[in-house]
Amino acid sequence: MLNLSIRGHDLSDVTTLESLAEKTQAQNVQTLQLALGLSFPDWPSDGKNLNPGLGQRVKGVLQKSEIQVGILSCYINMIHPDSSLREAALTKFESYVRHARYFGATMVATETGNVLPEIRYTPKNFTDEAFNDMVRVIQRLVKVGEEQQTLIGIEPGLNHPLYSLDRVEQLIQQIDSDYLGIILDPTNLITSETYQNQVALVQQAFERFGEKIVAIHLKDYQVQKDQIVPVNLGTGLIDYPAICRLIAKEKPGLFVVLEETKDQAIHKAVQLIEQVL
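Per the numbering used here, residue -1 is the first one in the sequence shown, and the count goes up by one each step.
The hints are simulated quantities; they were obtained by calculation from the structure and are not laboratory data.
The model shown is predicted, which means the values in this text are computed figures rather than measured ones.
Mixed in with the good hints, there may be bad ones.
Here are the simulated EDC-like cross-link-like pairs (lysine to aspartate or glutamate), alpha carbons at most 16 angstroms apart as the crow flies [as the list claims (entries may be wrong)]:
1) K57 x E20
2) K247 x E272
3) K210 x D176
4) K57 x E16
5) K210 x E167
6) K249 x E209
7) K260 x D11
8) K141 x D176
9) K141 x E92
10) K223 x E248
11) K62 x E16
12) K90 x D44
13) K62 x E20
14) K210 x E153
15) K247 x E191
16) K210 x E257
17) K247 x E209
18) K46 x E85
19) K210 x E191
20) K46 x E92
21) K249 x E205
22) K210 x D164
23) K210 x E248
24) K141 x D174
Starting from the given sequences, assemble the full structure and let the hints guide the process.
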């Protein structure tokens, strides 16, 4: 048993809440990871724009189609080197945390960002200095999560300060809070040289910090010129049957988000996963 979910912005031609609900329901999915600014780019969706009425409106329209927002996305560069831009990003995230309950969301999700102004590879992300800076920021966000009783979902990635299972364990050891959760995307933690060990990576994550895993992104991929390239689920190399069975065994009902699987390919992916389970 899994709580299969999709990202709202993986559906094309969504212009209204009603069309988002209709298209989600058509894929035989009941849960969304919702990024307001990506699904509805014409909406003002900065932290100062959020309000209980908006959250209630989103929740109400989706509920009519038996759809819920499981995860509210607010992906920011939490360690931006410009202090004013960093503060603006953190203030936005904290607003999302304060308003998440009105949308019906259980958590607000983000990655850990980059020590450079733009998100790109740099070995400077892998230093203890970058990691410790990130920890201080996450401590601040988790405190707001505790106040609002909303999970803070942190997603590791190879080119981020939170780039390995070891670093995730360090983070968990340094922030002792029930409101810190890990969103595991195993495709974000592999390279063209390590992808064959992906199932073992997921198994190790469950063994090492399974109690902290609050969602998993299921992102299929191909290896092209030593690069990991996302594709629709079922058309790439990910061993989704093994991973899905492992999730169902370890964390039944867990949010499993089909990431980068688009439109009608979502319905096919749901069928593939149902056949596995």
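Hints and how they fare:
1. Proximity of K57 to E20 is assessed by CA-CA distance (about 14 angstroms); at most 16 angstroms being required, the pair is judged to hold.
2. A threshold of 16 angstroms between alpha carbons decides the hint, and for K247 with E272 the separation of about 15 angstroms falls inside it, so the pair holds.
3. In summary, the hint linking K210 to D176 is supported, as the alpha carbons are separated by about 8 angstroms, within the 16 angstroms threshold.
4. A hinted pair counts as satisfied when its Cα atoms are at most 16 angstroms apart, and K57 with E16 qualifies at roughly 11 angstroms.
5. Taking the CA atoms of K210 and E167, the gap is near 10 angstroms; set against the 16 angstroms cutoff, the hint holds.
6. With a C-alpha separation of about 9 angstroms, the suggested pairing of K249 with E209 holds against the 16 angstroms cut-off.
7. With a C-alpha separation of about 12 angstroms, the suggested pairing of K260 with D11 holds against the 16 angstroms cut-off.
8. Between the alpha carbons of K141 and D176 the distance comes to roughly 11 angstroms, so the proposed pair stays at or under 16 angstroms and holds.
9. Proposed proximity of K141 and E92 is supported: the alpha carbons are some 10 angstroms apart, at most 16 angstroms.
10. The straight-line distance between the Cα atoms of K223 and E248 is roughly 34 angstroms, outside the 16 angstroms bound, and the hint therefore fails.
11. Taking the CA atoms of K62 and E16, the gap is near 9 angstroms; set against the 16 angstroms cutoff, the hint holds.
12. Simply put, K90 and D44 have alpha-carbon atoms about 6 angstroms apart, close enough for the 16 angstroms limit, and the pair holds.
13. Among the hinted pairs, K62 with E20 is consistent with the structure: their alpha-carbon atoms are about 10 angstroms apart, no more than 16 angstroms.
14. A threshold of 16 angstroms between alpha carbons decides the hint, and for K210 with E153 the separation of about 12 angstroms falls inside it, so the pair holds.
15. Using a Cα cut-off of 16 angstroms, the hinted pair K247 and E191 is violated, with the two alpha carbons roughly 28 angstroms apart.
16. Distance restraint check for K210 and E257: the Cα-Cα separation of roughly 20 angstroms exceeds the 16 angstroms cut-off, and the hinted pair is therefore not satisfied.
17. Restraint check: the Cα-Cα separation between K247 and E209 comes to about 13 angstroms, which is no more than 16 angstroms; the hinted pair holds.
18. The straight-line distance between the Cα atoms of K46 and E85 is roughly 13 angstroms, inside the 16 angstroms bound, and the hint therefore holds.
19. With a CA separation close to 27 angstroms, the supplied pair K210 and E191 exceeds the 16 angstroms bound.
20. Distance restraint check for K46 and E92: the Cα-Cα separation of roughly 10 angstroms lies within the 16 angstroms cut-off, and the hinted pair is therefore satisfied.
21. A threshold of 16 angstroms between alpha carbons decides the hint, and for K249 with E205 the separation of about 12 angstroms falls inside it, so the pair holds.
22. For the given pair, K210 sits about 14 angstroms from D164 by alpha-carbon distance, which is consistent with the 16 angstroms threshold.
23. Between K210 and E248, the direct Cα distance comes to roughly 12 angstroms. Compliance with the 16 angstroms bound is thereby established for this hinted pair.
24. Of the pairs offered as hints, the one joining K141 and D174 holds, with about 11 angstroms between alpha carbons and a cut-off of 16 angstroms not exceeded.
Hint check: violations occur at hints 10, 15, 16 and 19; the rest are consistent with the structure.
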